[in-house]
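With chain A held as given, fit chain B onto it using these hints.
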Amino acid sequence: MSDMTLERFTEILDAYGADPARWPEGERAAATAFAEARQDLADPLLAQAASLDSALGGHALPTASDALAEKIAGSARMRNRAKQRDWRGLIWRGLGFAGVTLAGATAGALLVATLMPMSMPGDEDHVITAFDSAF
Amino acid sequence: MAEGDDRAVRAMVARKLPRLLGLATRMLGDRSEAEDVAQETFLRLWRQAPVWRRGEARLDTWLYRVTLNLCTDRLRKRRETYVADPPEQTDPDADPARGLAETERNDAVQAALDALPDRQREAIVLQYYQELSNIEAAAVMGIGVEALESLLSRARRALRAHLAGQRI
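Chains as they are written, first to last, in numbering that gives the first Met the number 0: chain A, 0 to 134; chain B, 0 to 167.
The shape of chain B in the complex, shown without the other chains:
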């Protein structure tokens, strides 16, 4: 990998891309931006690979942290730019064959996630969707387990309230 072996690169992309893309998509609610974030994360990985030291930090933790930081930057810029007129978030890859009910459910959950404060959204995406343990999720977010638990509780309460209004 550090030597840039093409097969190792492809294997790394195949293994990590789906999860990083999922993380960015749920954080940003925008597939196209999420793809940009995933590409930037890998560019940083390629730059880091030659000096990567085993045991210095877990690769997954590092990748999640980079992805989250890139998402946070974009969310901040988006808020600064579109405060008055938020962009309509559409899924360019939406499958027309997918049932209407499923699409509505997806949109409702994404809207509920979007409505969360950033740190709560990070916590629930890492713990629930990325299936990290509480210790791993806390490490990625740079907080203690108790703080993570508090964020998760508030996130789930807010999601329940939001989705109850949608009857999901």
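Isolated chain A (complex conformation):
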């Protein structure tokens, strides 16, 4: 109580209302003690704050409909399906790219094999052998 002044108590009520549960945690005990010790000062302030709290508390809202909740949950399912499609697409595109690369490499190898004169293994040995045998 000693570290709570009337000025600070008034500021707390002005900002947070009359319910101690809504007061700043670090000052709650001191403010509550002040309210008990100085009821002559605190009670009119508490009554004024409680009156506004009561008016605000009367503002009720309709509950969220099941249809809205289902729509939102459905949006998560749709997103997951779209993500799976993206992954599948990526995998197929990857496989396609690998296939095209492999086909290109095979075709290139065949082309080289067809157009380039092939050196016969052993030809060089044969020439050397013939030369050697002449001397």
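Hints in this document: simulated from the structure, not taken from any laboratory. A quick note: this is a predicted structure, and the numbers were derived from the prediction, not measured. Keep in mind that a hint or two might mislead.
[What the hints assert, rightly or not] Using 20 angstroms as the maximum straight-line C-alpha spacing, the simulated SDA-like pairs for lysine to any residue come out as follows:
1) B:76 x B:65
2) A:70 x A:80
3) A:70 x B:46
4) A:70 x B:10
5) A:70 x B:4
6) A:70 x B:48
7) A:70 x B:9
8) A:70 x B:47
9) B:76 x B:46
10) A:70 x B:118
11) A:70 x B:76
12) A:70 x B:6
13) B:76 x B:9
14) A:70 x B:5
15) B:76 x B:114
16) B:76 x B:129
The following block gives chain B in isolation, referenced to the frame of chain A:
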């Protein structure tokens, strides 16, 4: 959740939707727009879920901040579009069985909230209706506790003056 488990998604929606919808409805004063904002907030959550890192920021703080930003965007657009002729705000879910006095009280409080500057409305909705602590509310708004307190004091003063005129 990050793997998109359907039960986890439903549990998340059941837990978070009422509060986010309440926040957006009180910020916008329009149920239909608030539902759009809530849906958009969850869409952003689904996008964020796979890369969410625990401890990076509290989920609730992130959700409130996204919701508030979306509301602010809509309020700005609304002001730009309807400066001359503000739209009539009606509650499509209004329960006809609800008492007239209760409906009038609700409308009066919503009108008082609507009349607040945006930042004051954010402060009072987060602290009073969402029941966040002063530290949490300040974190969502990206301000210090002292600044929050100042906004709350001004908001409550303005609300009291507005409602006194309505005898609520």
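Hint-by-hint comparison with the structure:
1. The straight-line distance between the Cα atoms of residue 76 of chain B and residue 65 of chain B is roughly 17 angstroms, inside the 20 angstroms bound, and the hint therefore holds.
2. With a C-alpha separation of about 15 angstroms, the suggested pair residue 70 of chain A and residue 80 of chain A falls inside the 20 angstroms cut-off, and the hint holds.
3. Restraint check for residue 70 of chain A and residue 46 of chain B: the C-alpha separation of about 16 angstroms stays at or below 20 angstroms, so the hint holds.
4. Under the criterion of a C-alpha separation no larger than 20 angstroms, the hint pairing residue 70 of chain A with residue 10 of chain B is consistent with the structure, at around 14 angstroms.
5. With a C-alpha separation of about 16 angstroms, the suggested pairing of residue 70 of chain A with residue 4 of chain B holds against the 20 angstroms cut-off.
6. Proximity of residue 70 of chain A to residue 48 of chain B is assessed by CA-CA distance (about 18 angstroms); at most 20 angstroms being required, the pair is judged to hold.
7. Of the pairs offered as hints, the one joining residue 70 of chain A and residue 9 of chain B holds, with about 10 angstroms between alpha carbons and a cut-off of 20 angstroms not exceeded.
8. Distance hint between residue 70 of chain A and residue 47 of chain B is fulfilled; the C-alpha atoms sit about 19 angstroms from each other, no more than 20 angstroms.
9. Taking the CA atoms of residue 76 of chain B and residue 46 of chain B, the gap is about 25 angstroms. The hint is violated against a cut of 20 angstroms.
10. The suggested pairing of residue 70 of chain A with residue 118 of chain B is violated, with an alpha-carbon distance near 30 angstroms, which exceeds 20 angstroms.
11. With a CA separation close to 25 angstroms, the supplied pair residue 70 of chain A and residue 76 of chain B exceeds the 20 angstroms bound.
12. Straight-line distance between C-alpha atoms of residue 70 of chain A and residue 6 of chain B comes to about 14 angstroms, which keeps the hinted pair within the 20 angstroms bound.
13. Taking the CA atoms of residue 76 of chain B and residue 9 of chain B, the gap is about 32 angstroms. The hint is violated against a cut of 20 angstroms.
14. Taking the CA atoms of residue 70 of chain A and residue 5 of chain B, the gap is about 13 angstroms. The hint holds against a cut of 20 angstroms.
15. As the CA atoms of residue 76 of chain B and residue 114 of chain B are separated by approximately 17 angstroms, the hinted pair is consistent with the 20 angstroms bound.
16. Among the hinted pairs, residue 76 of chain B with residue 129 of chain B is inconsistent with the structure: their alpha-carbon atoms are about 25 angstroms apart, more than 20 angstroms.
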